[in-house]
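Protein chains in written order, with the numbering used here: chain A, 1 to 247; chain B, 1001 to 1599.
For the record, the hints were derived by calculation from the structure and aren't laboratory data. Keep in mind that a hint or two might mislead.
To be verified - When the alpha-carbon atoms are kept at most 27 Å apart in a straight line, the in silico BS3-like pairs for lysine-lysine are as follows:
1. A:K144 to A:K217
2. A:K213 to A:K112
3. B:K1257 to A:K31
4. B:K1257 to B:K1343
5. B:K1298 to B:K1257
6. A:K217 to A:K31
7. A:K238 to A:K117
8. A:K213 to B:K1335
9. A:K213 to A:K144
10. B:K1294 to A:K31
11. B:K1335 to A:K217
12. A:K112 to A:K217
13. B:K1274 to B:K1343
14. A:K117 to B:K1145
15. A:K112 to A:K144
16. B:K1294 to B:K1257
17. A:K229 to A:K117
18. A:K144 to B:K1145
19. A:K31 to A:K213
20. B:K1145 to A:K217
21. A:K31 to B:K1343
22. A:K117 to A:K144
23. B:K1335 to A:K144
24. A:K117 to A:K31
25. B:K1343 to A:K217
26. A:K117 to A:K213
27. A:K126 to A:K144
28. B:K1335 to B:K1257
29. B:K1145 to A:K112
30. A:K126 to B:K1145
31. A:K112 to A:K31
32. B:K1274 to B:K1257
33. A:K31 to A:K144
Stated by the list, open to error - Which residues of chain B face chain A? A partial, calculated answer using Cβ under 8 Å:
34. R1042
35. R1105
36. F1238
37. I1471
38. D1491
39. F1496
40. E1499
Cβ atoms here follow ideal geometry from the backbone N, Cα and C, with glycine treated the same way.
Spelled out, the chains give:
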Amino acid sequence: MSDHITLHVARYRPEKASETTFDAFELPCPKEWVVLDGLNHIKDRMDGTLSYRWSCRMGICGSCGMLVNGEPKLACATFLSDYAPGPVRVEPLRNFPVIRDLVVEMGDFMSKLTRIKPWIVRQVEKPLSDGEYRQTPGELDEYKQFSMCINCMLCYSACPIYGLDPHFIGPAAIALAQRYNLDSRDEGAAERMQILSEHDGIWGCTFVGECTKVCPKHVDPAGAIQRYKLQSAVEWVKAFVLPRAAQ
Amino acid sequence: MTPAFDVVLVGGGGAGLRAAIALAEASQRLRIAVVSKVYPMRSHTVSAEGGAAGVISPDDSLDEHCYDTISGGDWLGDQDAIEAFVREAPQELLRLEHWGCPWSREADGRVAVRPFGGMRKMRTWFAADKTGFHMLHTLFQTSLKYTTVVRYDEWFVTKFLVDDGRVQGVIALELATGRIEAITARAVIVCTGGCGKVFPFTTNAAIKTGDGMALAYRAGAPLKDMEFVQYHPTGLPFTGILITEAARSEGGYLINKDGYRYLQDYALGTPQPKPVLRTMELGPRDRLSQAFMKELDKGRTTDTPYGPVVFLDLRHLGEQLINRRLPFVRELCMKYQNIDPVKELIPVRPVVHYMMGGVHTDINGATPLPGLYAAGEVACVSINGANRLGSNSLPELLVFGARAGRAAADYVAGAKDPGTTVVAQLQDEQRRLEADLLQQRGRERIADIRQEMQLTVEESAGIYRTGASLIRSAAKLRELQERARDFRIEDDSRTFNTERIAALELSFMLDVAEAIVTSALRREESRGAHQRTDFPLRDDQRYLAHSLVQRQPDGSCRVDYLPVTITRWPPAERVYGEAPSDERSHYVARGAIPSGEGV
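So here's chain B without its partners, still in its complex pose (with noise of 0.2 Å):
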């Protein structure tokens, strides 16, 4: 049968969108379509503050921008990957630039940039403290005027549709009237961004279930270095809402309840009072979440009712600056903490922010089965190895989108069409979203199961993770994975069931929470932000290693591992809180051109 679509996006967010545009750049006569389970300019892209890396200063180089990297990922990141991703983000933010993103910009009208953690160089370009909000706002209205991506807003995909070992679309279901359908293709890029509700304190927004994830893996892709969860320092106690990195990149400090800037004690340097490049509140964000925990080990944060403190200061930086350059840092202090960082402390406590791991694909964003795509948070190329650095995922989403997009394109040409079995793959899933969902009246309330789960994963597989509570771990999600099949849904509506939708959601967050927890049981060592107290060193000889988990027949889950690509950086120590001119020896690779490349 002829497919309705040539290539379907499943997530309209950055990388969808920049995917959906590199398609319909590619060619006028493919037929795009982008599904949604909600209204592309919702997406959570729209949260990023900070800003994103591409290297545009003449002091700056792409082999500095792939060092920080690789030394941030704790060598875990591919190299060919990074290399790669350096090299187009600086096109990709220019390119958005003339697409008509504000970027924040100098007094002679060139982009500006800003300092950021973990980078050696200022290289960050920014709108404000909006970047992300502005970055998916200008491809979302820049879309609009491609005539070949037609648009399914408000609909969530449930399933893959996989026959002859290729996926051939999606079965999706329309919010708004129930209905359920199978859009068919030649081939699905998944763009559906990470899964930090898995945790119960999170800066992810209440849609980042893990969906494109768990769809991925069931259908037989398999996820990759899921163990490796980053946790943001600073974020407000009670929301979880983030304050941004670009607080401290513009000279915040981060205080215990002392007053003391306690980083100085954990081997990033010592304090200045202007901000150093690479060094205490500018170091990588998994060393400044451990950081944290030792605070909190030492009894030198401050108790609230939501949980232990730190401080972060902005006091000293001024109303002037703070306006300018961290406007939205200011107006969610005042909206939601009730506190103005221009005359207080803002109380901050570390978060789970971003998935380094996700859908396994090769350097174009293909994964390992015929037909699928993965591009942005969802996917693990992996550029960000052990530890993402602050401001490398938006230009991400960008520079993977794009060559998601561009790879889908070269694929279908040669695609065959979807086979006779979708019809019946259509109507099993219509019997379990309707027949089994709008009448299931278990025992179990949603709430309480998904409540369970997020503290058990918190519990084992947080900042630091021990082998015995990741067993216990384990256990539990399968004891609630059994007690998922007895749900209560009390609304047997067809309009807008956000409860049915609920229900599919947590059952694709228990997937990826197993993911997750045998993932690091599986990894004995400590890299980046997987750190484990019963094994507190990086262990090479075993682990310079990606993770590749796969579903089994049974359900469960089978840990292989796949060698990381080293190009010219071979592993070392990482080394943060030293002075930039005596670091050059570390970041110039051996043998490679020393520096002088950048734009």
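If we strip away everything but chain A, and leave its shape as in the complex, we get (with noise of 0.2 Å):
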């Protein structure tokens, strides 16, 4: 194996240029080296300008996302050796507005955050003297998954329709409206597939799951999407079938 590895990294500077370009870098490739050593080597040695974001390099902070040969990746937990001889490209998040260089845009994925309503609703709240909620393991597992994502948007840009259309709620919304609606201390479900339903963008949302392929932390946003509709197409004949009061 060779011990250098070539990086191309994509270069956006607004103040300077219009297009994108890429500069090439030619680095050590040590075997524990992940692409963000790469890059830090970069800013630290040969090029300051670079920008990028990175914090916690032990792929929990979620932010770190970005393109690796074109597929999204955490950049802490890509290993350089895994792309040797090289070259290796580097290049933002797809299906985002580039701010500069490496980081995106990311004001549309935290409102579609909030709109989903990320929060314990209730209708009353139990005082804090009387105790925890009880919850089984078994309950907890039922949204435990969902509630693993770290919100590094790989799966927006791995996203065939939020893609074509960035009106479309994404994988990672929708997986952490589930992680609440199945939590047994939540009764905001009805709320949230009010939110949900509000475009049809979910329904444009195949059985391809690139959401789930890229997701680095296993949360299967395409399972969560999948028994979304099963559970609004039941609601749906539901409204039919039964008395409006019995819904």
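Got two chains here, each in a separate frame; can you build the complex from them with the hints?
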């Protein structure tokens, strides 16, 4: 295996140029290095002007999503040596406006996150003095997988629907809505269903499941979406079969 | 002038978000801003793994949690603060349960607890081994329902606005646009977390550059107990990724290169097959990290390209338990170390993890500087004393985040409006950040100075320290401060300029490093995480006191001392490794309610 590797890194500097260009950097490639180590080496030793987001370097903060050879990846969890002998192409996440170099605009995702009401909704709050809401390990398992989302947005970058229609609320937000809908402590499912059904993007989602494939935390947004579809189809049928008051 | 907000929070991690919610619940009329250099769910609380301590079992008591915390901190913690902390922690953890935190459960649906280092009872709540992640996301998502909380995501605070002896807001730079604004307020709560990046090898995220400590210090607030830096005994050797203490509380062994459970040689008890509370692998972190250094001296560690290591052995726990209780440990080992802990030993070494010291506050998070509050790791109340116990920091950020929020809400009701000097301060800061920093073409690389600082601090203020190395280090840090005036910044863009941010962070870290080294030099004793080989004993006559570092007008720092608050537990020897039944006499406070006070 060669001990060096070349990174082709996307550069976009809105004050200087209107087009994205690529810079090539030849880097050492120890087997422990992830793509993020390569970027840090560039920034510290070769070109201080490169901009990207990162923080925890352990796959939990969700900051360093980017495309590595066209695939959405966490830069901190992607080994450079897996791409030897290279070259490796590093670009900002697809489907988002780019602010600078590898940094994308995430305001749209943040507003969608808020829209699905990602908090416990209750008719009546139990007072703290009454202790915890009992929740068995089985009840916890019902929603646990959907609570693992780190908001890294790899699924939005992989989603063909979101790419065509930015109004689509998207995989992570739907998974998070389901995380609360399926929590035994929550009573907000009806409110959230209404929000999810405001836009018909969800029905355009096929069984392709690109979102689930790229998810670094095995959240399975595609599963959440299919579950939602089934649930809302049942609600739709019930609306015909049952008198209104019984819904 | 009328301020833009009543309260500005700097930092949107666990403490900042808890404070924001406390403020929003105190009054709907309060205008609240959360200013964070990252999106809040990226904050470093996210990385906490093992759990959060709060007395909940019938066989536990508040006094026992107090005693564990006090003795764990080698009697440097303030006992009034510890009593308040221990009393309020279970309520705060319960509140988080009501907000949706997916705590791990017992079969009957009650919240489950696990053992943890230095704790004599099982009282650590956990969400598998992603406790911080779940707490942070629960707090962040819950905060979204409070419409009075305005967020400034990816805004970097460069300075606190101080006029007339009061803090009146902040100056901040928006990363995306380079816009620089004064965000005025009647009070500021700083919740920016720790400063692990002052050291070369740390579990801390890239963002942990001590910003809030330096901002408060420059504004005139003292930093307390900065010499107390926690090394966590089990980090992965190349990355510094933390392998949670929960791996040991679930039954993992620490062994040296001969396969020997070496902790038995360091007054931590005798090895048993199953974990025993406050014994061996469940001893406190300072003692375990010090034991590693002793093993290194004896030549009983294993050399790797990334330093000497010992091993954490989880193999006997079995795949099922590891998957259920320690899934993240397995994921991290497999992804980052290419090791499966079900079948292989995990190489580990001590790694800088947590700052016991921080901005000096009282029991309500108030600093001596009117209008400035602090909570979480950035603050030093102090409950952690000379060594924090694992699983006390997560409840700390909840308890004191909430307290600081409530205290600030009371304060702003009677606080004056900001003065008119704000405009001039903003202009000065704009000049510094734009004319100076964007045009700076000096000779010194940011990465070079940062690396030299990190090596200097580790060399002198690591697990064992001497006066001579601290003196050398202090001189070196002054030299680096000088050289840092001559930065070369290649990036002149206003759009997401991370090089300018790196320069600002490094200048913060240099101030924090100086405070650490100066306080460590002045404390001529060994206590908890501060071990001086030239002063190997604890000295309660001279140093049963908090150090306070205050910045002087010429930029140098002065160290003063403040007595420790002792309520019911007079200083005693720290004892680990005894059978719990023999220990009762140690923890029952003199003249105190014996026990049974527990929830």
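Comparing the hints with the structure gives:
1. The hinted pair formed by K144 (chain A) and K217 (chain A) meets the criterion: a straight-line CA distance of about 12 Å does not exceed 27 Å.
2. Proposed proximity of K213 (chain A) and K112 (chain A) is supported: the alpha carbons are some 22 Å apart, at most 27 Å.
3. Of the pairs offered as hints, the one joining K1257 (chain B) and K31 (chain A) holds, with about 24 Å between alpha carbons and a cut-off of 27 Å not exceeded.
4. With a C-alpha separation of about 17 Å, the suggested pair K1257 (chain B) and K1343 (chain B) falls inside the 27 Å cut-off, and the hint holds.
5. As the CA atoms of K1298 (chain B) and K1257 (chain B) are separated by approximately 11 Å, the hinted pair is consistent with the 27 Å bound.
6. Between K217 (chain A) and K31 (chain A) the alpha-carbon distance is near 23 Å, which keeps this suggested pair within the 27 Å criterion.
7. Pair hint K238 (chain A) plus K117 (chain A) holds up; C-alpha atoms about 25 Å apart against a cutoff of 27 Å.
8. Pair hint K213 (chain A) plus K1335 (chain B) holds up; C-alpha atoms about 17 Å apart against a cutoff of 27 Å.
9. Restraint check for K213 (chain A) and K144 (chain A): the C-alpha separation of about 18 Å stays at or below 27 Å, so the hint holds.
10. The straight-line distance between the Cα atoms of K1294 (chain B) and K31 (chain A) is roughly 31 Å, outside the 27 Å bound, and the hint therefore fails.
11. The hinted pair formed by K1335 (chain B) and K217 (chain A) meets the criterion: a straight-line CA distance of about 12 Å does not exceed 27 Å.
12. A threshold of 27 Å between alpha carbons decides the hint, and for K112 (chain A) with K217 (chain A) the separation of about 20 Å falls inside it, so the pair holds.
13. Between K1274 (chain B) and K1343 (chain B) the CA atoms are separated by roughly 19 Å; this keeps the pair inside 27 Å, and the hint holds.
14. Between the alpha carbons of K117 (chain A) and K1145 (chain B) the distance comes to roughly 7 Å, so the proposed pair stays at or under 27 Å and holds.
15. A C-alpha spacing of about 21 Å is found between K112 (chain A) and K144 (chain A), which places the hinted pair at or below 27 Å, so the restraint holds.
16. Between K1294 (chain B) and K1257 (chain B), the direct Cα distance comes to roughly 13 Å. Compliance with the 27 Å bound is thereby established for this hinted pair.
17. For the hint pairing K229 (chain A) with K117 (chain A), the CA-to-CA distance comes to about 19 Å; that is within 27 Å, so the pair holds.
18. Annotation: proposed proximity of K144 (chain A) to K1145 (chain B) holds, straight-line Cα distance about 22 Å (limit 27 Å).
19. A threshold of 27 Å between alpha carbons decides the hint, and for K31 (chain A) with K213 (chain A) the separation of about 25 Å falls inside it, so the pair holds.
20. As the CA atoms of K1145 (chain B) and K217 (chain A) are separated by approximately 26 Å, the hinted pair is consistent with the 27 Å bound.
21. Taken as a hint, the K31 (chain A) and K1343 (chain B) pair is honoured in the structure, with Cα atoms around 22 Å apart against an allowance of 27 Å.
22. Under the criterion of a C-alpha separation no larger than 27 Å, the hint pairing K117 (chain A) with K144 (chain A) is consistent with the structure, at around 17 Å.
23. Simply put, K1335 (chain B) and K144 (chain A) have alpha-carbon atoms about 22 Å apart, close enough for the 27 Å limit, and the pair holds.
24. With a C-alpha separation of about 43 Å, the suggested pair K117 (chain A) and K31 (chain A) falls outside the 27 Å cut-off, and the hint is violated.
25. For the hint pairing K1343 (chain B) with K217 (chain A), the CA-to-CA distance comes to about 23 Å; that is within 27 Å, so the pair holds.
26. Among the hinted pairs, K117 (chain A) with K213 (chain A) is consistent with the structure: their alpha-carbon atoms are about 26 Å apart, no more than 27 Å.
27. Between the alpha carbons of K126 (chain A) and K144 (chain A) the distance comes to roughly 22 Å, so the proposed pair stays at or under 27 Å and holds.
28. Simply put, K1335 (chain B) and K1257 (chain B) have alpha-carbon atoms about 24 Å apart, close enough for the 27 Å limit, and the pair holds.
29. About 13 Å separates the Cα atoms of K1145 (chain B) and K112 (chain A), which keeps this hinted pair within 27 Å; it holds.
30. Proposed proximity of K126 (chain A) and K1145 (chain B) is supported: the alpha carbons are some 18 Å apart, at most 27 Å.
31. Note on K112 (chain A) and K31 (chain A): the hinted pairing is violated, with a Cα-Cα distance of about 39 Å set against a maximum of 27 Å.
32. For the hint linking K1274 (chain B) to K1257 (chain B), the alpha-carbon distance of about 21 Å falls within 27 Å, and the restraint holds.
33. For the hint pairing K31 (chain A) with K144 (chain A), the CA-to-CA distance comes to about 34 Å; that exceeds 27 Å, so the pair is violated.
34. Below 8 Å, beta-carbon pairs count as interface contacts, and R1042 (chain B) has one with chain A at about 5 Å; its hint therefore holds.
35. Evaluation of the R1105 (chain B) hint against chain A yields a held restraint, the C-beta minimum of about 5 Å falling below 8 Å.
36. The beta carbon of F1238 (chain B) comes within 5 Å of a beta carbon in chain A, closer than 8 Å, and the hint placing it at the interface holds.
37. The restraint placing I1471 (chain B) at the interface with chain A is violated, with a minimum CB-CB distance near 29 Å, outside the 8 Å limit.
38. The restraint placing D1491 (chain B) at the interface with chain A holds, with a minimum CB-CB distance near 4 Å, inside the 8 Å limit.
39. Residue-level restraint check for F1496 (chain B) holds (minimum Cβ-Cβ distance to chain A is 4 Å; threshold 8 Å).
40. Against a cut-off of 8 Å between C-beta atoms, the interface hint on E1499 (chain B) holds, since the closest Cβ of chain A lies about 5 Å away.
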